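Protein sequences appear in the order of chains A and B.
If you read the first sequence in our numbering, its first letter stands for residue 1, the second for the next number, and so on.
If you read the second sequence in our numbering, its first letter stands for residue 1, the second for the next number, and so on.
Derived from the structure by calculation, the hints contain no laboratory data.
Fair warning: this is a prediction, and the values are worked out from it, not measured in the lab.
Treat the hints loosely; a few may be bogus.
What the hints assert, rightly or not - Pair by pair, the computed Cβ-Cβ distance ranges are:
1. Phe123(A) / Ser383(B): 44 to 50 Å
2. Tyr380(B) / Val60(A): 51 to 57 Å
3. Arg341(B) / Phe121(A): 28 to 34 Å
4. His394(B) / Leu111(A): 27 to 33 Å
5. Trp25(A) / Trp405(B): 33 to 39 Å
6. Trp25(A) / His394(B): 48 to 54 Å
7. Val390(B) / Leu59(A): 33 to 39 Å
8. Ala55(A) / Gly365(B): 38 to 44 Å
9. Gly428(B) / Glu96(A): 22 to 28 Å
Think of the CB as a built atom: it goes at the ideal place given N, C-alpha and C, for glycine as much as any other residue.
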Amino acid sequence: MAGSKSSSKSSSASSETSMAVSTLWKSYLDQTPDRLKFIDAFLVFIVLSGVLQFAYCVLVTNFPFNAFLAGFASSVGQFVLTASLRAQVNPENRSEFKDVSPERAFADFALGSIVLHFFVFNFLG
Amino acid sequence: MRLLRSVLVTLLALTKISFASSSSVLVVLDPSLDREDYSIFFGGLEERGYNLTFRAPRDTSPAITDYDVPNYDHVILFAPDTKTYAQDITPQSLVGLLSENINLLIALSPKQTPLTSLAAEFSLILPPPETPLISHHPARSEPPTTIPVPVLSSSPILTPGIPPIWFTGAPHALGSTPMLIPILRAPAESFAADPTSDADSDALVAASEKGGEGLWAGSQMGLVTGFQTKVNSRVVFAGGVKMFSDEYAKKELPSGGAPGNALLATDVAAWVFQEKLRLRIDGVEHHRVGESVAPEVYTTNDEIVYTAHISAYDSKTSAWKPYSGIDDLQLEFTMLDPHIRTSLPPVPGTPGTYQVQFRAPDRHGVFKFVLNWKRKGYSYLESSTTVPVVPPRHDQYPRFLSAAWPYYAGAISTSVGFFLFAALWLAGDVKGERKKGSKVE
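Throw the hints in and build the complete structure from the sequences for me.
Here is the structure:
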């Protein structure tokens, strides 16, 4: 009796988490505007490239360390800039960003990214 | 080695009246010795072009040096029993002559003279006074102090095939300095003892009772030993003066045949007076591979070519000829320790040239090309050239490293992604505006 109860509980627990994840995923797909999903796709790509560079540095060699720093900083910096763009452009955040129009947010994002890439390519060596 | 010996034999065989430029020799002859008794030796020297000047040890003229300028090129000291010398040729002052590149040929004797302490300065240890060399083998009619000594020509100084020589005098033990060059060793069955008390080999019996302690015996004793100083001047100490005499040169060996005294004396004199085995470095060059002029500085990991030119003195023509017979020359590229030590082989086809190519080490600093070749009997070859080696300049490093391509790919993909994102975002903006505009309208 107790065994079946705990097993049902654990199975229900795992099914609960998997249910929660799928509900989260469905509601994300339904409720997120297209532009934000576009930004999220870019963010995933940046994260992937950063993780790959870090894995290479740790597993294979960190030999041109300046190159690692430049590439990794490029990913991290670009991620931060894109995430702040998403925060400023999200219509649900309009109350917090009253004096920042979406165009201004994008202009800040573009300028910041260009400066970031300038520094990255200088340090890449 | 074989080639060198055959070259020397040929040279020596052709050395009859061949010493073109004359050298002056001062012969300090003890008055008790008659010059005519040594006519074969002195006559041979004069034939080879030396000017001999004779003088007694106590005479004050002719002076060896005038106001510190030497008057002679070489000195022969045949005064083994003299106890007092004139002021300018005390044995101690002769040592000073060596640094003026004057070569010496000195005959010792069993007596205690100033020459005993002079020999000690050259790391030769003489036995107690009045103990000449004695050998009771081979059986012969001469007294035991007159000994036929076989000549083992393992030294490059002697031509091979010299028959045994007659010897009377004192042996000596060789010290440990590497500048000593043994030329003739005592026979294995000989020993040094007082001949008057050795009537029936008493000395040997007494020594064997003590277990051989304190007995000067065997072939570790030398009879004729050479010494080459740091400035390449040469000294030869011969244990006795009689081995140069005519009487010994003509005396027949107990096994029959003529002795090798004249031949040995000729070889020894040729070596001491710088006719044989005399080498010098004509010049050294160094440069990078592909260039011909030495640069001001080298960079680490440069490929460097080093060339040395070496000549040997040919007494036949009294000229310096390029010499390629050294097969174990070494070059060291040194900064406190030799970072590179490589052999410097002769270049086939160009006589006298030795060349090697190597990579400068990965350390920067002030390095020296060191050529240091010292072999017994040959002149010492020493050369040291100092060069700086600097690390690469900021633009001499390799630019794009293959180990960094994931980072290059990551940075470039992030940039490309940013541009695509911006382009698409702005395109979406334009579409949205059009939509909005149409909606408003």
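* **List of violated hint numbers, smallest to largest** => 3
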